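Asker: Taken in order, these protein sequences are the chains called A and C.
Position 272, counted from 1, in the first sequence is what this note's numbering calls 272; the numbers after and before it change by one each time, with no gaps.
Position 252, counted from 1, in the second sequence is what this note's numbering calls 252; the numbers after and before it change by one each time, with no gaps.
One thing to keep in mind: the hints can contain errors.
Said to hold, decoys possible - Below are the DSSO-like pairs computed for lysine-lysine, each with C-alpha atoms no more than 30 Å apart in a straight line:
1. A:Lys249 <-> C:Lys121
2. A:Lys348 <-> C:Lys251
3. C:Lys251 <-> A:Lys126
4. A:Lys348 <-> A:Lys174
5. A:Lys249 <-> C:Lys114
6. A:Lys114 <-> A:Lys126
7. A:Lys385 <-> C:Lys369
8. C:Lys381 <-> A:Lys127
9. A:Lys321 <-> A:Lys249
10. A:Lys127 <-> C:Lys277
11. A:Lys381 <-> C:Lys146
12. C:Lys146 <-> A:Lys369
Stated by the list, open to error - Covered stretches of chain C, going by a simulated chain A footprint (3 or more residues, C-beta under 8 Å):
13. 3-13
14. 232-239
15. 322-334
Please keep in mind that the hints were generated in silico from the structure rather than gathered at the bench.
Every value quoted in this text rests on a predicted model; they were computed, and no experiment measured them.
Glycine included, C-beta positions come from ideal geometry on N, C-alpha and C.
Single-letter residue listing:
2 protein chains.
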Amino acid sequence: MVSVNEAFQIIQSVSCPVGTEALSIADSVGHILAEPVVADRDFPPFNRVAMDGIAISSKSFQAGQREYEIEAIQPAGQPGIKLHDSQKCVEVMTGAMLPEGTDVVIRYEDIELKGNTALVKISEVKKGMNIHPQAQDAKTGEALLKPGQRISPAEVALLAAVGKASVQVYLFPKAAIVSSGNELVELNVVPQRHQLRRSNVYALFAAMQEVGWGAEFFHLHDSESEIETVLADLLKQFNVLILSGGVSKGKFDFIPQALAAVGVERKFHQVSQRPGKPFWFGTGSDGKVVFALPGNPVSTYVCYYRYILPWMMEQMGVVLKPEQAILTEDVTFTPQLTYFLQVSTFFKEGKRMARPVPGGGSGDFVNLKEVDGFIELPAEKSLFKSGEAYPYIGFRHL
Amino acid sequence: MVSVNEAFQIIQSVSCPVGTEALSIADSVGHILAEPVVADRDFPPFNRVAMDGIAISSKSFQAGQREYEIEAIQPAGQPGIKLHDSQKCVEVMTGAMLPEGTDVVIRYEDIELKGNTALVKISEVKKGMNIHPQAQDAKTGEALLKPGQRISPAEVALLAAVGKASVQVYLFPKAAIVSSGNELVELNVVPQRHQLRRSNVYALFAAMQEVGWGAEFFHLHDSESEIETVLADLLKQFNVLILSGGVSKGKFDFIPQALAAVGVERKFHQVSQRPGKPFWFGTGSDGKVVFALPGNPVSTYVCYYRYILPWMMEQMGVVLKPEQAILTEDVTFTPQLTYFLQVSTFFKEGKRMARPVPGGGSGDFVNLKEVDGFIELPAEKSLFKSGEAYPYIGFRHL
C-alpha cells in the first residue's frame, strides 16, 4: 500500500508520448496548445486611436490654442494620413491610425463642434492621451503563448490576431475504458434485479471528453481466460487503459493477475485512501500505461480527477493551479487513510466554502448530483475543523 | 445610460424561446438537461454487498458463534441466493445481492479462512455492516435531476444508471456573430499596416462553443445602406444577433440607427461601466434579440460573460452561483463607472485571490493571456482595498 502522495509521484514519473495535430482555430477551444505562438507584427501595429474625437498636436494646445479647424477625417481601416497644418486637427475614429503630426486625441465628449471647427472644453491634455501606442501590448517576434497552455477564448483571440487559422494542439493518447463485472448490463437493457446498468464508464468517458480526450469502451466478464486475452489485445491497440472494477480482494477479481500475465508491471496496488483504496497502477512495454480503478462509482471518479487527469495534463506540459476549499462544519474521520470528502461548494466573500454531502459511501453515485467536488483530508489527522482549508478538486464548470 | 444592474435586469426580462433536442448520452456532457430524470428502480436495487468477505446472520454472532462453515458463494451479477443454515455463512463479493437470511458482511481482512471455514477475528458486528441497503440512495420514482441542470460527468453516470441512452437537452437559439469595421480583414490575409485581423468574433465563438452554443459569422462594412440590408436579412434568419463594433460615437458607427431602421427596439444604449460603455441592446419582433457590443476586444469579452451568458443560461433555467475574489492590492478607479478589472487568480487557504493585471486598456487583448477573469468594482466607490472581496467572473476552466 502506498500513500496518496506516493501514488501521485509514481504516476507522474511515468511518461506517455503525446502526439500533435493541426486543428482549425474554430475547433481549438479547450485543447492544449502544442506550439509556441509569436507576434507576427506589433500589437497594436500602429499608434491606434482609442476614442472617437479629434487628434491634435499637443504643442499647439500648450501654446494656448483651443479652437481647431478640421483639416481631414481619419476613419479606421484606411491608410494613415498626416496633419499638414499643426494649428488644425484631424477628426479621428476609434481603431484608426493616429495621423502623423498629432500626439493627443480629445474625445467628442470634451469638444464642441461648430461647423468645421472644434472647440476644446478641457483645460489640460497629456501627450499620448486616448492613444494606444504601437507595440505597447507586444512587439514583433515576442513570444505570446507557450506550448502547454490550455486554449480558452482569450487565446483564440490571440491566435486569430496573429493569423493562425490552424493551430497545433496536443493529441491525447489512444485510450480504452474497460468495465468489468458480471453484474453490469448495457444501457438499453432492462436489468434483472441483481444487475446494474454500466454507468461508471460513461462518467469516465464524459470527464475525458471535457478535456478533448476520446476513448473506446470495452467490457470484461469475470472469466480469468477472457480477461487475459482481451487485455493482451487492448494493450496492442491502445496506449492507455483505464479499467473499472475487478481489483479488490474478491474471488473474481482477476484483473491484477491477468495484467501481470500479459506483461504489465505493477507499480503499486492499493492506496491508503477512501474511497479508491484498491487502485492498481502499472506500465507495460512500449510506454503502455494501465490504471485499474476500483469499480465503485465514487472511487472511479476520485481516482480519475486526483491522478489520471493531472498526469495527462503533465504529459502536455499543463501546469494546474492548486485550489482549496474551507470546511463549513467539523468532520471526523478516524481510519489512517486520506479521505476524499464529497462536498457541495459556494462562495462567501471570496472564500470557497465546502459543505460535506452525506451519502451512501463509495457506491452511491446518486449522491454525486449534489456534489461539486472533493476535498482531500490528510491521513495524519482525524478531526478536521470548520473553517480549515484543505485541497479541493472540483469537477463542475460554469 | 443605464447602470450595470439596470442593464442586467433589462436583459434578463427579455425571454427567448429555446427548443430541445435528443442527444446520445455520449455527447451530452456540458449541455443543459431539458427533462426531469426519475429513478426507474431503487438505488441500490437490492441490499448490496459493499465489501468482499462473508455474510452471516447477526443473531448467530450475538449468540457467541465465531466459526462459520461456508455454505455457498454469492458472486456479483447472479440472482440472490439464500443462507439455509443460519449457523453457516455465504462468501460474498462486492456488488452482489446480500443473501437472504444474512444481515452482516464481514470483510476478508477481519476473518481467517481455514479450508471451508471462516473464523471471525473481530469481537463486534453491527447489523447492516458493509451493506449498502436497497433504496438508500434513491427510491423508484424519485426525482433525480431537474431540467436546467448542466450535465457534468456525475449526471452522465446517473443518466446511464436509469437507462437513458438518449437525453433531451436544450437547444440554443440560432445565433449570428457580426463583426463590423473597415479595418478588419480575414484571418488568412496578411493585413496592411492600418488593418487588423478579425479576432473578437473568434473569441466570442469559442466562448459560446464552450457551453455548446453554435453561431455563424458575418461581417459588415462601414456603409449605412449595406448595414441595413444585411441586418434586415440576418433578423429573418437568426434569433440572436451579437454584433461587435460600430456602436460608439464615431462618424461611421451606423449600427444603432440601422437597427432602429430595421425595426429593432432599443432597450438601452450605453452602460455606466468600463470597459464596454457603448453597449447597445434591443429586441425585434418575434422574439429576436440583439446585443450590439463595442468593438474593443476586452469590452466584447466582458459584455459576453457579464450579460449574454447569464441571460442565455436563464432561458434554460440554469441557476448560476455567484462567485467572488479578494483583491491582493489596493486599486483606485475614480470615474463614476462600474469597473471590470482584469485579474489573474490563485487560491490561498481556500480564498480566491485576485491580482490586477496591468494592461493597455480595452483594446489590449494580448494581455488577456495573463487574465483568468474580471472582478466587478462598483461605481459608487473609488478606492478598493487589498483584502476586500468583489464579484468575480472567470472564463478559464481546468
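Asker: Work down the list of hints and note, for each, if the structure agrees.
Answerer: Verification of the supplied hints:
Annotation: proposed proximity of lysine 249 of chain A to lysine 121 of chain C holds, straight-line Cα distance about 17 Å (limit 30 Å). The hinted pair formed by lysine 348 of chain A and lysine 251 of chain C fails the criterion: a straight-line CA distance of about 46 Å is larger than 30 Å. Under the criterion of a C-alpha separation no larger than 30 Å, the hint pairing lysine 251 of chain C with lysine 126 of chain A is consistent with the structure, at around 24 Å. Among the hinted pairs, lysine 348 of chain A with lysine 174 of chain A is inconsistent with the structure: their alpha-carbon atoms are about 41 Å apart, more than 30 Å.
Under the criterion of a C-alpha separation no larger than 30 Å, the hint pairing lysine 249 of chain A with lysine 114 of chain C is consistent with the structure, at around 17 Å. Only pairs whose Cα atoms come within 30 Å are accepted, and lysine 114 of chain A paired with lysine 126 of chain A is accepted, the gap being roughly 24 Å. Annotation: proposed proximity of lysine 385 of chain A to lysine 369 of chain C is violated, straight-line Cα distance about 38 Å (limit 30 Å). The suggested pairing of lysine 381 of chain C with lysine 127 of chain A holds, with an alpha-carbon distance near 28 Å, which does not exceed 30 Å.
A C-alpha spacing of about 36 Å is found between lysine 321 of chain A and lysine 249 of chain A, which places the hinted pair above 30 Å, so the restraint is violated. Proposed proximity of lysine 127 of chain A and lysine 277 of chain C is supported: the alpha carbons are some 24 Å apart, at most 30 Å. In summary, the hint linking lysine 381 of chain A to lysine 146 of chain C is not supported, as the alpha carbons are separated by about 38 Å, beyond the 30 Å threshold. Taking the CA atoms of lysine 146 of chain C and lysine 369 of chain A, the gap is about 10 Å. The hint holds against a cut of 30 Å.
Residues of the stretch 3-13 of chain C lying with their CB closer than 8 Å to a CB of chain A number 0, which falls below the three-residue condition for coverage. With a threshold of 8 Å between beta carbons, the proposed coverage of the stretch 232-239 of chain C by chain A is violated, since 0 of its residues qualify and at least three are required. Coverage of a stretch by a chain is defined here by at least three residues with a beta carbon nearer than 8 Å to that chain's beta carbons; for the stretch 322-334 of chain C and chain A the count is 5, and the condition holds.
In terms of the numbered hints stated before, the structure departs from hints 2, 4, 7, 9, 11, 13, 14, listed from lowest to highest.
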